[in-house]
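If you're matching them up, the sequences are chains A and B in order. Per the numbering used here, residue 1 is the first one in the first sequence, and the count goes up by one each step. Per the numbering used here, residue 1001 is the first one in the second sequence, and the count goes up by one each step.
With a Cα cut of at most 30 Å, we get these calculated DSSO-like pairs of lysine-lysine:
# : chain 1 : residue 1 : chain 2 : residue 2
1 : A       : 96        : B       : 1057
2 : B       : 1071      : A       : 96
3 : A       : 96        : B       : 1009
4 : A       : 54        : B       : 1102
5 : B       : 1014      : B       : 1057
6 : A       : 96        : B       : 1102
Note that these hints are calculated values from the structure, not bench results.
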Amino acid sequence: GIQVEQSPPDLILQEGANSTLRCNFSDSVNNLQWFHQNPWGQLINLFYIPSGTKQNGRLSATTVATERYSLLYISSSQTTDSGVYFCAVGDVYGNKLVFGAGTILRVKS
Amino acid sequence: NAGVTQTPKFQVLKTGQSMTLQCAQDMNHNSMYWYRQDPGMGLRLIYYSASEGTTDKGEVPNGYNVSRLNKREFSLRLESAAPSQTSVYFCASKVGRGSREKLFFGSGTQLSVL
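Only chain A is shown next, with the shape it has when bound in the complex:
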């Protein structure tokens, strides 16, 4: 099955700093999503991005499908950005999303 690797596993930032999280996947995908899990465990969709670039406020994501990676950019980080960021990939129907192990982000004030 598809393998998903995320890096770095852990990241500590000072408030206001920028960061880039990476997701590598082992096979062609038609579905790639980024999620944020806050420190209380709640999971929220950030992006559906099997290819191309999207932006939502301070967050943006780029997927280069031909090279099998995706990047999540966080600019001007805030303490509320802390949590775990997951990349998940799957087929076009998305019924079997495979999650990476996540990147734990801690933003210090």
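Assemble the complex: chain A is given as a structure, and chain B must be docked to it using the hints.
Frame of chain A, contents of chain B only:
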């Protein structure tokens, strides 16, 4: 509009006991999922239901059963709990396809099997 509701939030079981995790969504979604989350491993799909009346295995179905009782409810049953099933369990439902696809997660159930 409560979204996806899971019960219970916490549960402690002894090895061999059985229990059912309940999940309900009020968004009229067809697809529902059960995941488990273990430290350092992300979320792994246990079972899913693409529509009312259908269920399919995910990555780690062994030791679990599911029931899609109706469009709203999707329950997960552990018939004989084992310590390896200690985990945080998430239920989710999905709306849309392709670029309109979005998963909605419940708040999770922390299960400890002693």
